[in-house]
Amino acid sequence: MHKKPKKYSVFSLIKNSLTYHENWQPAWRSPEPKKEYDAIIVGGGGHGLTTAYYLAKNHGITNIAIIEKGWIGGGNTGRNTTIIRSNYLWDQSAALYDHALKLWEGMSQELNYNVMFSQRGVMNVAHTLHDVRELKRRWHANRLNNIDCEWLNTHQVKKFCPIINTSPNIRYPVLGATLQRRAGTARHDAVAWGYARGADAMGVDIIQNCEVTDIKISNGNVTGIETTKGSINTKKLGIVTAGHSSVMAKMAGMRLPLESRPLQALVSEPVKPIIDTVVMSNTIHAYVSQSDKGELVIGAGTDGYTSYTQRGGFNIVEDTIAAVVELFPLFSRMKMLRHWGGIVDICPDASPIVSKTHINGLYFNCGWGTGGFKATPGSGWVFAHTIANDEPHIINAPFTINRFSSGELVDEHGAAAVAH
Amino acid sequence: MFLINCPYCGERDQAEFSCGGEAHITRPKNPPELTDDQWADYLFMRKNIKGIQFERWNHSNGCRRWFNVVRNTSTDEIIKVYNIGESPPNINGNNPSTPSGEPIIGSGNISTTFEKK
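Chains as they are written, first to last, in this note's numbering: chain F, 1 to 420; chain S, 1001 to 1117.
There could be a bad hint or two in this list.
Pairs of lysine-lysine, DSS-like flavour, derived with a Cα cap of 30 angstroms [claimed, not checked]:
#: 1; chain 1: F; residue 1: 235; chain 2: F; residue 2: 34
#: 2; chain 1: S; residue 1: 1047; chain 2: F; residue 2: 356
#: 3; chain 1: F; residue 1: 34; chain 2: F; residue 2: 57
#: 4; chain 1: F; residue 1: 136; chain 2: F; residue 2: 102
#: 5; chain 1: F; residue 1: 235; chain 2: F; residue 2: 35
#: 6; chain 1: F; residue 1: 356; chain 2: F; residue 2: 335
#: 7; chain 1: S; residue 1: 1047; chain 2: F; residue 2: 136
#: 8; chain 1: F; residue 1: 6; chain 2: F; residue 2: 293
#: 9; chain 1: F; residue 1: 102; chain 2: F; residue 2: 293
#: 10; chain 1: F; residue 1: 272; chain 2: F; residue 2: 293
#: 11; chain 1: F; residue 1: 235; chain 2: F; residue 2: 250
#: 12; chain 1: F; residue 1: 216; chain 2: S; residue 2: 1047
#: 13; chain 1: S; residue 1: 1080; chain 2: F; residue 2: 236
#: 14; chain 1: F; residue 1: 335; chain 2: F; residue 2: 293
#: 15; chain 1: F; residue 1: 57; chain 2: F; residue 2: 4
#: 16; chain 1: F; residue 1: 158; chain 2: F; residue 2: 136
#: 17; chain 1: S; residue 1: 1029; chain 2: F; residue 2: 236
#: 18; chain 1: F; residue 1: 57; chain 2: F; residue 2: 6
#: 19; chain 1: F; residue 1: 229; chain 2: S; residue 2: 1029
#: 20; chain 1: F; residue 1: 335; chain 2: F; residue 2: 229
#: 21; chain 1: F; residue 1: 356; chain 2: F; residue 2: 102
#: 22; chain 1: F; residue 1: 250; chain 2: S; residue 2: 1047
#: 23; chain 1: F; residue 1: 57; chain 2: F; residue 2: 236
#: 24; chain 1: S; residue 1: 1047; chain 2: F; residue 2: 235
Only some residues are given here: those of chain F computed to face chain S with a beta carbon under 10 angstroms [stated by the list, open to error]:
#: 25; residue: 144
#: 26; residue: 146
#: 27; residue: 244
#: 28; residue: 249
#: 29; residue: 256
#: 30; residue: 260
#: 31; residue: 315
#: 32; residue: 405
Just so you know, the hints here were simulated from the structure itself, not pulled from any lab data.
Source: prediction; values computed, not measured.
C-beta atoms are modelled at their ideal positions from N, C-alpha and C, and glycine is treated no differently.
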């Protein structure tokens, strides 16, 4: 056991400033893997880290390793557009995402780590009569599920976000919008680092630069994994590898209902505060917010084919930029600084899989597709429950692999707020 | 983003095409006899390969005809184009070197096609 990490506070900040910030202790250890663990989580992204954190915190299982091929938070956790909201259409999704949103609200305090969670509101804009009907349906569905949601008409949209173009003469005029005020953004890296620090403090081993090369199964039971740092035994194996879930499933001789595709995002040069909310549009496919550094954070769409290259087509970016510029003409001369892609694993019903499998001790948390970041704490919470009890939590019970056999799909294609 | 050599129109930008997903999935011969699990397997379960994948493409903004493509999904390199109805060609020697299928350099940003040029 290592020294308990020191609490971050204004006093520790002052104390460390006296030594030029050269004596901060590392936020987590870098241990060598043990021979055996009670549970192993494959994938050190946000969902994997929260899974280990809540296994330790809620279920008292602390002999855990997180095996990460690269570095923690280096995959989709560090590549998303950081939007957090829970205004989903169906009851099952609403319960899942609102549970996560409630955890976001207390996260910085709980982790003693500033994740810069900012409830600046998320506005979903309607441009056609169909959009208006669809978004109003979601507005009512949200209210029935006790999720805050408001309907704004064009005038109110303009008042809430003055720089938006509400001219009736554009190709897709703004006819209204839903607004969830509790929604917002957070700093994605801080979420990974905060949960890593919290999990490490409870004894979880975070093992980076270690690739899983095989899953050992005997008589239908998981017995361990082979890695680039040797063989590790375990009876409970949780796979949280997002775009690479099918690659892991193949090691267990399984197939999953997933397709992995590139999803792109980009940021502009930093400018002074200009937009203090998140604006999303399904019809013209644009979503934009502004980071605390001042960059516009813009999300594009997925490419229409399987690829693991972490780069997408320029035509996708072009479509998104065209839409953003129509909605915000004042952005037309801004320069884009960086542009990247991540690999998202998309389910046929655009809902995640948080589930046991037919192999004892093998669990999958995947299929979050294009919108997993917002669910980070809630996903780990219910997945930890599933691993600890070998039974799903009531919240993730509708999200098993078996729903593809039973037909009880949770179709969130429309309600995912942007069409991918 | 890449070019696809349509067997009917020649080399065109990928944006002109639509991907029809995994190829060679056979429609069940006796649908009423299938169990729910078998239906799920046919309808939803996919190999989603990182590496050499056989898939269907349609030149949707061109000649609108279907054909099969062999593509390395970890580099987007197209290895072979062949007609619908043909059996999958044998592709040797191009399998990814590590289990997760990473190419030699980076995470897929340099394809072997590029290196040859």
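Which numbered hints fail = Structure breaks hints 6, 7, 13, 17, 19, 20, 25, 26.
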